Amino acid sequence: MSGRKDDDAVAIQNEASRRGVGKIDASIASAPCDADSVPELIKDISQAQGQANLTNGREARLQLLGKARALVQALETPREVMLKHVGAETCSFFSVCLGIDIGHFKAMAQNDCSPKKVPEIASAVGFDTDGLQIQLTPYQGRILRHLEAMGHIAQTGPDEYAPNNFSKSLTIPIVADGYPFYRDVCIAPMLHLHKWYKTKSYATPTTGHDNPFTFGNTTALSMFEYMAASPTYMEQFNHHMGGYRLGRPAWFHRSVYPALPDLLNNVPDIEDPVVLVDIGGNRGHDLENFLASNSWPPNYSRRSTDAKFILQDQQAVLDDAPSSLDMRITKMPHDFFTPQPVHGARAYYLHHILHDWPDEWCEVIVNQIKGAMKPGYSRLLINEHVIPPKNANWEVTYLDLYMMTLFGSRERTEHEWRALLEEKCGLKIINIYNPGNGVEALIECEVSV
Numbered sequence: 001m002s003g004r005k006d007d008d009a010v011a012i013q014n015e016a017s018r019r020g021v022g023k024i025d026a027s028i029a030s031a032p033c034d035a036d037s038v039p040e041l042i043k044d045i046s047q048a049q050g051q052a053n054l055t056n057g058r059e060a061r062l063q064l065l066g067k068a069r070a071l072v073q074a075l076e077t078p079r080e081v082m083l084k085h086v087g088a089e090t091c092s093f094f095s096v097c098l099g100i101d102i103g104h105f106k107a108m109a110q111n112d113c114s115p116k117k118v119p120e121i122a123s124a125v126g127f128d129t130d131g132l133q134i135q136l137t138p139y140q141g142r143i144l145r146h147l148e149a150m151g152h153i154a155q156t157g158p159d160e161y162a163p164n165n166f167s168k169s170l171t172i173p174i175v176a177d178g179y180p181f182y183r184d185v186c187i188a189p190m191l192h193l194h195k196w197y198k199t200k201s202y203a204t205p206t207t208g209h210d211n212p213f214t215f216g217n218t219t220a221l222s223m224f225e226y227m228a229a230s231p232t233y234m235e236q237f238n239h240h241m242g243g244y245r246l247g248r249p250a251w252f253h254r255s256v257y258p259a260l261p262d263l264l265n266n267v268p269d270i271e272d273p274v275v276l277v278d279i280g281g282n283r284g285h286d287l288e289n290f291l292a293s294n295s296w297p298p299n300y301s302r303r304s305t306d307a308k309f310i311l312q313d314q315q316a317v318l319d320d321a322p323s324s325l326d327m328r329i330t331k332m333p334h335d336f337f338t339p340q341p342v343h344g345a346r347a348y349y350l351h352h353i354l355h356d357w358p359d360e361w362c363e364v365i366v367n368q369i370k371g372a373m374k375p376g377y378s379r380l381l382i383n384e385h386v387i388p389p390k391n392a393n394w395e396v397t398y399l400d401l402y403m404m405t406l407f408g409s410r411e412r413t414e415h416e417w418r419a420l421l422e423e424k425c426g427l428k429i430i431n432i433y434n435p436g437n438g439v440e441a442l443i444e445c446e447v448s449v
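Throughout the sequence shown, residue numbering follows the UniProt record's numbering, covering 1 to 449 in sequence.
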């Protein structure tokens with residue numbers, strides 16, 4: 001057996017030499033990735049565990065989670081990471097997708113989420129149970145077995161499973177719908193990413209109509225046009241965005257935008273002042289949450305019912321807004337590539353708009369707003385990620401790659417935001433409030449005078 005291992009090591013070294021890598025000890029592929037950091041990480045986790053409020057303490061939980069991830073990454077071997085990437089995680093994603101399609105997770109949640117045998121789960125989703133107790137079928141037992149191995153469900157006995165919090169959440173559309181959406185719309189562009197880059201001599205995509213998305217899905221439509229042509233995809237996308245926002249601090253939270261009271265205190269005591277224009281605000285969730293938060297400072301001289309809040313989007317999107325929308329919100333059809341019709345508002349708000357577009361189109365969007373802003377008074381609030389110069393969070397980096405692949409756009413660093421907003425658009429950035437940990441920053445701008 002040891003001779004076989006030696007042969008494998010020689011083969012690995014020969015391949016490395018052939019590729020011009022140089023002499024790398026092949027044994028590192030089966031050794032922990034960072035054994036030296038393990039003792040310190042264990043110490044950090046032990047200290048943090050006693051201090052963490054895992055129910056309500058978001059920051060403490062994220063810090064502990066970061067240390068735990070670092071410990072796992074340090075203990076794993078390169079071989080294990082490789083197999084996880086190419087095998088376990090790939091099969092896990094598609095197993096979850098299949099479970100959603102078939103109805104596994106809804107079936108497991110029946111009868112108060114009690115443990116169920118594979119035949120019972122199969123019967124609940126309408127599959128023939130003949131032979132299931134003897135031979136696990138591809139669509140049932142074998143799928144469930146891998147989901148349990150990955151920690152997505154719990155095994156309570158031989159061929160018997162129960163849901164955990166993750167699999168329970170897969171019965172909720174805002175969590176579940178992201179899986180079929182990414183599988184059917186986003187995976188093909190990623191699978192063909194290398195081919196697109198090769199045909200373009202590895203140039204960065206900069207347009208919505210010629211990028212890995214159009215190449216991988218063999219379409220002339222941009223991502224937005226592609227979704228608009230499919231009610232199913234649009235519904236899944238909107239649900240997924242609801243799941244993306246779940247549990248994240250909103251832009252008006254003091255941890256994100258501590259200057260909000262100053263913004264609101266300076267709204268003039270005039271008839272129906274326009275406080276906030278939510279541009280591309282979809283169905284109004286951000287405005288609704290803001291108005292429900294009672295964020296108005298106690299010394300504000302007017303009642304919030306006297307103020308005006310404008311929700312702007314395409315007419316078809318506004319038509320889909322809930323009928324229960326707060327009465328203080330005025331719906332206004334608007335294309336943000338055209339001049340902003342509301343002049344002199346206290347604030348104009350863009351949430352996850354500019355990251356969908358390359359700089360040249362962002363200039364158009366911002367300049368249309370700039371023309372409506374009152375110098376010295378109006379603010380442009382941009383709720384987007386700001387990538388730090390080091391140790392970027394994975395929630396930002398994966399999104400940046402998807403923006404590149406699907407839209408020909410990007411998440412931006414502070415330097416890139418300043419180049420776009422100040423140098424190209426002539427705005428002045430008052431402050432960038434960046435809470436970190438994968439949460440979107442709040443970039444506050446005014447007209448430069």
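If you are wondering where the hints come from, they were derived from the structure by calculation, not from laboratory data. Predicted, not measured: the structure shown is a model, and the values here were computed from it. Beta carbons: idealized from backbone N, C-alpha and C, even for Gly. Hints are supplied without guarantee of correctness; some may be wrong.
Claimed, not checked - In silico DSSO-like pairs for lysine-lysine, Cα to Cα no more than 30 angstroms straight-line:
| id | residue 1 | residue 2 |
| --- | --- | --- |
| 1 | Lys390 | Lys424 |
| 2 | Lys331 | Lys390 |
| 3 | Lys84 | Lys67 |
| 4 | Lys200 | Lys67 |
| 5 | Lys390 | Lys428 |
| 6 | Lys428 | Lys308 |
| 7 | Lys106 | Lys43 |
| 8 | Lys390 | Lys84 |
| 9 | Lys117 | Lys106 |
| 10 | Lys374 | Lys424 |
As the list claims (entries may be wrong) - For each label pair, taking beta carbons as the anchor points, the in silico distance ranges come out as:
| id | residue 1 | residue 2 | range |
| --- | --- | --- | --- |
| 11 | His209 | Leu75 | 43 to 51 angstroms |
| 12 | Asn289 | Asp335 | 18 to 26 angstroms |
| 13 | Pro115 | Phe93 | 34 to 42 angstroms |
| 14 | Pro115 | Tyr244 | 26 to 34 angstroms |
| 15 | Ala35 | Ala316 | 51 to 59 angstroms |
| 16 | Ile430 | Phe337 | 20 to 28 angstroms |
| 17 | Ala60 | Asp112 | 30 to 38 angstroms |
| 18 | Ser324 | Ala419 | 37 to 45 angstroms |
Results for each hint:
1. Straight-line distance between C-alpha atoms of Lys390 and Lys424 comes to about 25 angstroms, which keeps the hinted pair within the 30 angstroms bound.
2. Between Lys331 and Lys390 the CA atoms are separated by roughly 41 angstroms; this puts the pair beyond 30 angstroms, and the hint is violated.
3. Annotation: proposed proximity of Lys84 to Lys67 holds, straight-line Cα distance about 20 angstroms (limit 30 angstroms).
4. The straight-line distance between the Cα atoms of Lys200 and Lys67 is roughly 40 angstroms, outside the 30 angstroms bound, and the hint therefore fails.
5. Taking the CA atoms of Lys390 and Lys428, the gap is about 25 angstroms. The hint holds against a cut of 30 angstroms.
6. Pair hint Lys428 plus Lys308 holds up; C-alpha atoms about 26 angstroms apart against a cutoff of 30 angstroms.
7. Among the hinted pairs, Lys106 with Lys43 is inconsistent with the structure: their alpha-carbon atoms are about 40 angstroms apart, more than 30 angstroms.
8. Using a Cα cut-off of 30 angstroms, the hinted pair Lys390 and Lys84 holds, with the two alpha carbons roughly 25 angstroms apart.
9. The straight-line distance between the Cα atoms of Lys117 and Lys106 is roughly 14 angstroms, inside the 30 angstroms bound, and the hint therefore holds.
10. A distance of roughly 19 angstroms separates the Cα atoms of Lys374 and Lys424; the hinted pair therefore holds under the 30 angstroms criterion.
11. Our hint of 43 to 51 angstroms for His209 and Leu75 holds, since their Cβ atoms are close to 45 angstroms apart.
12. Take Asn289 and Asp335: their Cβ atoms lie about 25 angstroms apart, and the range 18 to 26 angstroms holds.
13. Distance hint check: the CB atoms of Pro115 and Phe93 are about 25 angstroms apart, inconsistent with the given range 34 to 42 angstroms.
14. Roughly 32 angstroms separates the CB atoms of Pro115 and Tyr244, a value that falls within the hinted 26 to 34 angstroms.
15. Distance hint check: the CB atoms of Ala35 and Ala316 are about 56 angstroms apart, consistent with the given range 51 to 59 angstroms.
16. At roughly 25 angstroms, the beta carbons of Ile430 and Phe337 sit within the given window of 20 to 28 angstroms.
17. Ala60 and Asp112 have their C-beta atoms about 31 angstroms apart, which keeps the hinted 30 to 38 angstroms range intact.
18. Separation of Ser324 from Ala419 is about 42 angstroms and conforms to the stated range, judged on CB atoms against 37 to 45 angstroms.
Violated hints, in rising order: 2, 4, 7, 13; the structure is consistent with all others.
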